[in-house]
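Visitor: So the sequence shown is numbered by this note's numbering: it starts at 1 and just counts up by one.
Mixed in with the good hints, there may be bad ones.
Claimed, not checked - Per label pair, the in silico range of CB-to-CB distance: (1) G325 / Q285: 32 to 40 Å; (2) T254 / L418: 37 to 45 Å; (3) E86 / Q285: 22 to 30 Å; (4) A244 / E50: 31 to 39 Å; (5) H159 / A23: 20 to 28 Å.
Said to hold, decoys possible - As a list, the in silico DSS-like pairs of lysine-lysine whose alpha-carbon atoms are at most 30 Å apart: (6) K330 / K309; (7) K189 / K167; (8) K248 / K309.
Hints are computed from structural coordinates only; laboratory data are not their basis. Glycine included, every Cβ here is placed at the ideal spot set by N, Cα and C.
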Amino acid sequence: MIPELRAQFNEHFTRQAYESLLARLEERCGARIGFRVAETPIFLPLPRLEELAAAGTGLARCILGDAECLAAARMAIPDGYRIAGETAHPNFLTADFALVRDQAGGLVPRLVEIQAFPSVYAYQVELCGAYRDAYRSVFADATTGGSELGIFLSGLDEHGYWELLRKTVVGDRDPENVVLAEVDPLHQKTRPDFEVTARRLGIAVADIRELVPEKGRLHYRNGAGRLVPIHRIYNRAIADELIARDVKLPFDLTRPWDVEWAGHPNWYFLISKFSIPWLSRPPMQCPVVPPAVFLSDFLDGHGREELEKAGVRLPLTRGAETVYGELLLKPLFSFAGKGIQFDPTQAQLEAIPAAERASYLLQQRMRFEPTIQTPCGLTQAEIRILYLWPDGGELTAALSLVRLGRGKMMGVDHNRDLAWVGASAAFFVR
Numbered sequence: 001m002i003p004e005l006r007a008q009f010n011e012h013f014t015r016q017a018y019e020s021l022l023a024r025l026e027e028r029c030g031a032r033i034g035f036r037v038a039e040t041p042i043f044l045p046l047p048r049l050e051e052l053a054a055a056g057t058g059l060a061r062c063i064l065g066d067a068e069c070l071a072a073a074r075m076a077i078p079d080g081y082r083i084a085g086e087t088a089h090p091n092f093l094t095a096d097f098a099l100v101r102d103q104a105g106g107l108v109p110r111l112v113e114i115q116a117f118p119s120v121y122a123y124q125v126e127l128c129g130a131y132r133d134a135y136r137s138v139f140a141d142a143t144t145g146g147s148e149l150g151i152f153l154s155g156l157d158e159h160g161y162w163e164l165l166r167k168t169v170v171g172d173r174d175p176e177n178v179v180l181a182e183v184d185p186l187h188q189k190t191r192p193d194f195e196v197t198a199r200r201l202g203i204a205v206a207d208i209r210e211l212v213p214e215k216g217r218l219h220y221r222n223g224a225g226r227l228v229p230i231h232r233i234y235n236r237a238i239a240d241e242l243i244a245r246d247v248k249l250p251f252d253l254t255r256p257w258d259v260e261w262a263g264h265p266n267w268y269f270l271i272s273k274f275s276i277p278w279l280s281r282p283p284m285q286c287p288v289v290p291p292a293v294f295l296s297d298f299l300d301g302h303g304r305e306e307l308e309k310a311g312v313r314l315p316l317t318r319g320a321e322t323v324y325g326e327l328l329l330k331p332l333f334s335f336a337g338k339g340i341q342f343d344p345t346q347a348q349l350e351a352i353p354a355a356e357r358a359s360y361l362l363q364q365r366m367r368f369e370p371t372i373q374t375p376c377g378l379t380q381a382e383i384r385i386l387y388l389w390p391d392g393g394e395l396t397a398a399l400s401l402v403r404l405g406r407g408k409m410m411g412v413d414h415n416r417d418l419a420w421v422g423a424s425a426a427f428f429v430r
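All chains should be modelled from the sequences, with the hints used to inform the complete structure.
Guide: Here is the structure:
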C-alpha cells in the first residue's frame, strides 16, 4: 500500500467527515444505502491494480479457451435456466482477489471468486466521488504533492468509462427499449446502483416478475402505465435468488424471446465458482488460483489426492469429527458469500446427498494479509476488478471495488457491527 497517504488520511479523519460521506453518497445515488460503507478508501500503486486486472483477464481467457470446461459448466446449469440466444462472450465479469503472504514473505494476489455477472458499476463511481468530496483536504494534499489519485483502469477517464458502460448495457438500442431487470428492485440492497444506472443511461428499472409477454416479445410498463417493448435486458436477476425464492415468472425464461441480453443469464453459470477447480489443475493450473476440487471428487474420487499433491495440508484421519481447517466448503452457484462454510467436518461433508455433491467445491482457505492501518487496527482488503465487454468489443478492466473486513468473511453483510470496514474503493497514484 502507500504508507504516506494512509497516515495522512488517518491523521485528518473526523467523524463529521464520515457522516458527510454517507450523506453525500445517498444524495448522489438518490437512495438509502442499505449496507455498511467503510470510513476509508485504500491507496494503491497503479501497478498492483494492473497486476490484478491482468490476472483476471488471463483467467477469463483460460476458461473461454477450454471447450471441455464450458461444456461441463453448461451441463451443470439447473433445469429451467438454460436460456436461448447465448452470446459469444459475457458482457460483464468480476474477479475478486485476496492479498496473501507467499513462502518468501511477499505480498501476492490469490483468486477468491470469478463471476460473469454485473456488479455495482454505477454506484462505485458515485462512492469514489463521495470519498473525494468528503475528504477534500486529503485528496487536495495528494494532488499538490505531485500525484493525482485515479480510479479508472485501462486508460479510461470518467467520460470514457460511462460511454463504455453505455455501450455494454444499451448497445445500439434506444434507451427507452432497454430495462434493468431485477427481482423486487426497490427493496434490493443494490438499489442505489439501479438508481444511478437508470439516471445515467436513461433506461428503466423493472421487476422481472412484472414483465409482460406478448407475441414473442417482452414488455414493461413505463411511468405512465404504457406497455413498452423491450429490445435489450440488462440482467441483474440472480439465478440463485430466483431459485431460492421459488420465483414464478410470467414468461418462460428458456423460450427464444425476441430480445437481446446485456449479460446473458447463462454466463452466470459458465464463468463462476464452477470454474475454480478447472483453473487450479492442469492444463490450466493458474498460480493465482488456490487449489480446489468438487466435493463429489473429494469424497468419491481423487480430489483428496489432488489437494495434497497441490500442497494443501489435510488431516490424516477421516472420522466423522475430522475437521478440515485448511478448506472452505462453497456452493457453486451462490452469490455474496451465501452458504460458505469454514472448518467443515467429515460428517458435514458426507451429510450432503451424493446427488448434490457436484454442486459444491472445497477450496484451500486463504489467510488475507491485514494491510490497511486504521484506528481499529490492521484491516484486510478484498479487491474486485470490474470488467466490461461490449458486443463486438474487447474485454476491458474498467474499475475496482474494495471490501474491508476483520473477520472470516469479507462481504458487507458480514462486517456490519464493526468500524472501519465495509464497502470501499481503491485510489491509485498515477
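Visitor: None of the hints should be skipped; say for each whether it holds.
Guide: So, going through the hints one by one against the coordinates:
Separated by about 24 Å at the C-beta atoms, G325 and Q285 break the suggested range of 32 to 40 Å. Between T254 and L418 the C-beta distance comes to about 43 Å, which sits within the given range of 37 to 45 Å. For E86 paired with Q285, a C-beta distance near 27 Å keeps the hint of 22 to 30 Å intact. A hinted range of 31 to 39 Å holds for the C-beta pair A244 and E50, which are about 37 Å apart.
For H159 and A23, the hinted distance range of 20 to 28 Å is satisfied, since their beta carbons lie about 26 Å from each other. With a C-alpha separation of about 21 Å, the suggested pairing of K330 with K309 holds against the 30 Å cut-off. Restraint check for K189 and K167: satisfied, since their Cα atoms lie roughly 25 Å apart, inside the 30 Å limit. Pair hint K248 plus K309 does not hold up; C-alpha atoms about 45 Å apart against a cutoff of 30 Å.
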